[in-house]
Amino acid sequence: MSEDAVPVKEGLFDETGGGRLLAGKCKACGRIFFPKAPFCFECLEKDMEEVVLSRRGKLYSYSIGRMASTHFPPPYAVGLVDLPEGVRVFAPLMSTVDLTYRIGMEMEVYIDELWKDDGKRVMGYKFKPVKGGD
Amino acid sequence: MRDVAVIGVGQSEFGKFPWKSAAAMGAEAVKAALGDCGIPPRAIQVAYCARQYDANCTSQQILKEVGVRNIEMINVENACAGGSTAFRGVWKEIADGRYDVGIAMGVESMTTSPIAGKLISPEKDDLEGHIGMTMPAMFGMVARRQMEAGATLEDFARVSVKNHHNGCLNPQAQYKREFTVEEVLNSRMICDPITLLMCCPNTDGAAAAILCSMDVARRYTTQPIRVLGSALCSADYKYAQEDICASPVGVKVAKAAYEMAGVDPKDIDLVEMHDAFASEEILRYEDLLLCKPGEGIEFLRSGATAIGGRVPVNPSGGLLALGHPLSASGVRTVCEVVLHLRGQAGARQTPNAKVGLAQMLGGLVTNLEHGAVAGIHILAR
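Line by line, the protein sequences are chains A and B.
For the first sequence, my numbering assigns the number 135 to the last residue and increments by one with no breaks.
For the second sequence, my numbering assigns the number 409 to the last residue and increments by one with no breaks.
Calculated from the structure, these hints are not laboratory results.
Warning: the hint list may mix true and false statements.
To be verified - Below are the EDC-like pairs computed for lysine to aspartate or glutamate, each with C-alpha atoms no more than 20 Å apart in a straight line:
hint, chain 1, residue 1, chain 2, residue 2
1, A, Lys59, A, Glu107
2, A, Lys37, A, Glu16
3, B, Lys152, A, Asp118
4, A, Lys10, B, Glu151
Can you build the whole structure from these sequences, using the hints too?
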């Protein structure tokens, strides 16, 4: 990440191979949490290990915001993406005027600037449709 | 556990009144509730008040306006279910025999709150909130899933048309204006596919209900309305909500309330519920077991939930037309049910209503099911 950039939150993602999400897996029951949980919400186990999530998943649902949110001017797209590890990730979606979303379409994670804060680029994860994918 | 009755209900004017204090609106509702049953203010032994924004000893601020002091007063916040929480608090105090008379209040000044005219802003450490998760975005995504299951934009609009029609019959509604399906669909887009007229408005207002033991009730009214069931529960972690159209906590609370009340969902004559978004009302038909799972859309289309239908839902106009001062709504829904059970609901009256249900669901908390708390009360004459 360049010097003028800060992650929206530490330890959630890195830029390897176009961007990867880092989740927490319970060493006792195997449940995976993204964003990472401080302990297993299911069985209360404290011992959690970091696992890398698949970059691709299916769009579970989406919405296009037409009213400003805390950081995003309208229009902006957000969605829920189901990853093969059994994790549903909420994330901003790539936003362009001619991009249309469809439930079930194949999506891929990437790292992008979310907004600017005090001159710094705040970086986070987003999803975009996989070209030619379904 | 003792039987508890509601003997007095009151509502302030609902609308946009940035010049009115929460205490003034609360006092308006409390005076109406006192006047409704004729009980002297100093007969009240315990008070609960719900308020979400800028709360600061709200019970004390309100009740000093009607001469009530030196009693136990409890102030609560529980998102949109705050009012349900306050009502349940008073019910528990009386059911447990600790007090004989209490008042439940809910008040909100939305136009002077930090979220006036904006979406509800996220907490500092609420990552999802900062990256675009808002109430309408959530319900937009839920609505997209509903459409996968066969719902249409017209269905969502129809809920808004129905509740705005009901609002026209309620002198206390914030909006008394009929809309057509086309007008709802063509209103400004908020979060695709949710349009402005599918969202509840910003509302200032208050509601109050006076509860007491059956012994006391008989002294003040010949029409005590009994609280048959009361249930309140907070949500599970988010992963428990595999289908975002379902509300596991909503279903759990509904079952608990029906069991406690000893009534079947088909015995319910009317429902007042959380229709913050028009599309949401359809889902709640299923949570409340008013119809079979997956049949909410058909239930709406059949007309069953309109005034004159099998079980009118939100005859008051609901949050969509009557308005939604967040913490007041949980008390206000109870007030509306009470009016129908007494036969005092005027042009919107549910004929021969014997049993009614008041529901609230609210709160968006990262890592938890959306709808972080649900509260239900079942009342009967």
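Results for each hint:
Of the supplied pair hints, the one linking Lys59 of chain A and Glu107 of chain A holds, its CA atoms being roughly 5 Å apart against a limit of 20 Å. Distance check on the hinted pair: Lys37 of chain A and Glu16 of chain A sit about 17 Å apart at the alpha-carbon level, within 20 Å; holds. Taken as a hint, the Lys152 of chain B and Asp118 of chain A pair is honoured in the structure, with Cα atoms around 14 Å apart against an allowance of 20 Å. The suggested pairing of Lys10 of chain A with Glu151 of chain B holds, with an alpha-carbon distance near 14 Å, which does not exceed 20 Å.
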